[in-house]
Amino acid sequence: MDALARLYERYYAAMVWVAYSLLLDRGLAEDAAQQAFARACEKLSRLRNVERFGPWLTTICRNAAQDMLRERQRRAVLQRTAANGDLAGRSNDGFDRIVKEAVDGLPAMYREIIVLHYYTGMSYREIESVLGISGDTIKGRLARARKRIRIHLEKEGFRREQ
Amino acid sequence: MERNYSERDLEQAIRRTTPGDSPRPDFEMWQQEHTHVVGLLSGRIDESANHDPSITWVARLGRNIMRNREVKLGTAAAVLLVALAAVYLNRGTSIAWSMEQTIAAIEQMRTLQVEGTVVWRFGADPGPASFRFWVQFPTEDSPLKMRSEVKNHIMIAQGDVVYECRADTRVAHVRHGPAITDLKYWYKAAELAPWLINEMPKMIQQYAEDWKQEIGKDPDTGDKRIIATCTFPPSNTFFLLVVNPESKLIEHAKLWDNLDHEGEPIIDAQTLVYNQELAAALFEVPADMTVVNQEQEQESRALFNQAEHLFHGEKKYVEAMGLYREVRARFPHTSVVEESQMMIGICYSHLGQHDKAIEAFQQAIREYPEGWAGVIQFYLGAAYMDNGQPQEALRAFEECLADAEGKRAPDQFPLKEAREYIAQIKGE
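One line per chain: the protein sequences are S and W, in this order.
Take -13 as the starting number for the first sequence in the working numbering and just add one per residue.
Take 49 as the starting number for the second sequence in the working numbering and just add one per residue.
Because the hints were derived from the structure by calculation, they are not lab data.
Check before you lean on any hint, since a few could be wrong.
25 Å max Cα-Cα, derived DSS-like pairs, lysine-lysine [what the hints assert, rightly or not]:
#	chain 1	residue 1	chain 2	residue 2
1	W	260	W	296
2	W	302	W	272
3	W	363	W	404
4	W	464	S	141
5	W	296	W	265
6	S	133	W	404
7	S	29	W	302
8	W	363	W	193
9	S	141	W	272
10	S	141	W	404
11	W	272	W	296
12	W	260	S	133
13	W	260	W	272
14	W	464	W	474
15	W	364	W	404
16	W	302	W	199
17	W	302	W	363
18	W	474	S	141
19	S	133	W	363
20	S	141	W	260
21	W	260	W	302
22	W	464	S	133
My request is simple: use the sequences and hints to build the entire structure.
Here is the structure:
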């Protein structure tokens, strides 16, 4: 149990953000992360490769989040409320709001990288260990994500300077 | 009115979108809320007092991950033969065979070639696929060399350098430089994980169960062979080995992903050839392949960033386009090439050369058909509109909607804008 506790400590935050990338709801994301650990414990015997525990757990977490997403859609609770209000209070000429729109509008694949990198401060190496993708792929996705955010900002009248 | 921002502003703004504080793990609370799982694990751990080795799985898992130790490339020699031979370490047999003999036989080997089938779970065409694998074991003068081939994926290792090659695109990426700390690229490309990584054989060595050995006959030749089987419950794996009783070498091996070895094995190593002379070229990247190293990736990105500065910061579209073209010309296989092509089109749009913008966007779609999620189609549509071709624009916007479906929020760029254009064209 001590070992499991250490795994929980190590991966919990990353799993919350992985789930958040799909759900865009912090509370639900925490639920999904906790559920992912429970599912992982039940499925431990199916883990073939110890080295891939992080990516394996991430897959379980994404599935848990997807299930929640579907459930939420079924209940027609379509609009998220998390965080939007907070941003309004510290809006600087609408820039934060537009950036959030852009981040939320990213494909989940890119949003996941943005969230893990910027929200948690995880290094490429740490993201590799969680997502199981190469550093080059992470850099590429991060660059594309930023590019898409910039395109969105440009459309909203913001211009990038040096 | 335009408002300017810096890259730093953007990064800070992204961080400010973080909803709430960093998540804090509360394992005790989790335990209280997931008592069924805790009960399940506790039951298994309690049984570990009875020396059932598979029960300590969770503890070992945590320990292994927490140690985060480096896995040397040399341990990749735990390929099929070595891996499975290790299973028998310190295990005798009632039949005329012992692990020590097999280990001694293996140590005499210089090369190994394995051929068989593997269940390929990736890409558009999953299913059984042939694989070939070669190993030249290290000597004082030569590092470990390996090569694997599955479908279009070719992996070549020369000591500490690993190349992930694609036979179809003829591009080889250097995946790690001199400090390979794990073998993920091996199994990513070859999908032979159970055979290649070092953890699996070590764990099997210690924890495999249900050992059975018997004398059987090779179905093809009728020769006597030692048939050994074992299971590894934590990974739901069943192993079968066919050992030559004279040479003590393994001649055939199978691996199932279920404990009852039902269905087809996920790996079937049908042919193992020892000490065959292997051509040096086997472990070299083919001369006609383009090798992309990490330095090239960095260089191309630096050039791309220069172009971005000219475009966004200084609005020098001609100069920016020149650098985007240079990225494509000098680094045609790096990760910023697709965006460079798109930006060439956008530069043309800003310069009012809409017909050339259309050509550039079409070229981007032709050369890189995937991964745009509607963006490139939107820009193509916009270029058609600017060029006075509304029907062509309509098609492009509709393709934008189709490509972005499920990938983008419906009220976000480019779906929102594409719909507005479509409504405008249709006069709605």
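Now the hints, each set against the structure:
| no. | hint | in the structure |
| --- | --- | --- |
| 1 | W:260 - W:296 | 17 Å, holds |
| 2 | W:302 - W:272 | 18 Å, holds |
| 3 | W:363 - W:404 | 19 Å, holds |
| 4 | W:464 - S:141 | 12 Å, holds |
| 5 | W:296 - W:265 | 15 Å, holds |
| 6 | S:133 - W:404 | 22 Å, holds |
| 7 | S:29 - W:302 | 24 Å, holds |
| 8 | W:363 - W:193 | 51 Å, violated |
| 9 | S:141 - W:272 | 75 Å, violated |
| 10 | S:141 - W:404 | 22 Å, holds |
| 11 | W:272 - W:296 | 12 Å, holds |
| 12 | W:260 - S:133 | 58 Å, violated |
| 13 | W:260 - W:272 | 16 Å, holds |
| 14 | W:464 - W:474 | 16 Å, holds |
| 15 | W:364 - W:404 | 17 Å, holds |
| 16 | W:302 - W:199 | 20 Å, holds |
| 17 | W:302 - W:363 | 62 Å, violated |
| 18 | W:474 - S:141 | 23 Å, holds |
| 19 | S:133 - W:363 | 16 Å, holds |
| 20 | S:141 - W:260 | 68 Å, violated |
| 21 | W:260 - W:302 | 15 Å, holds |
| 22 | W:464 - S:133 | 18 Å, holds |
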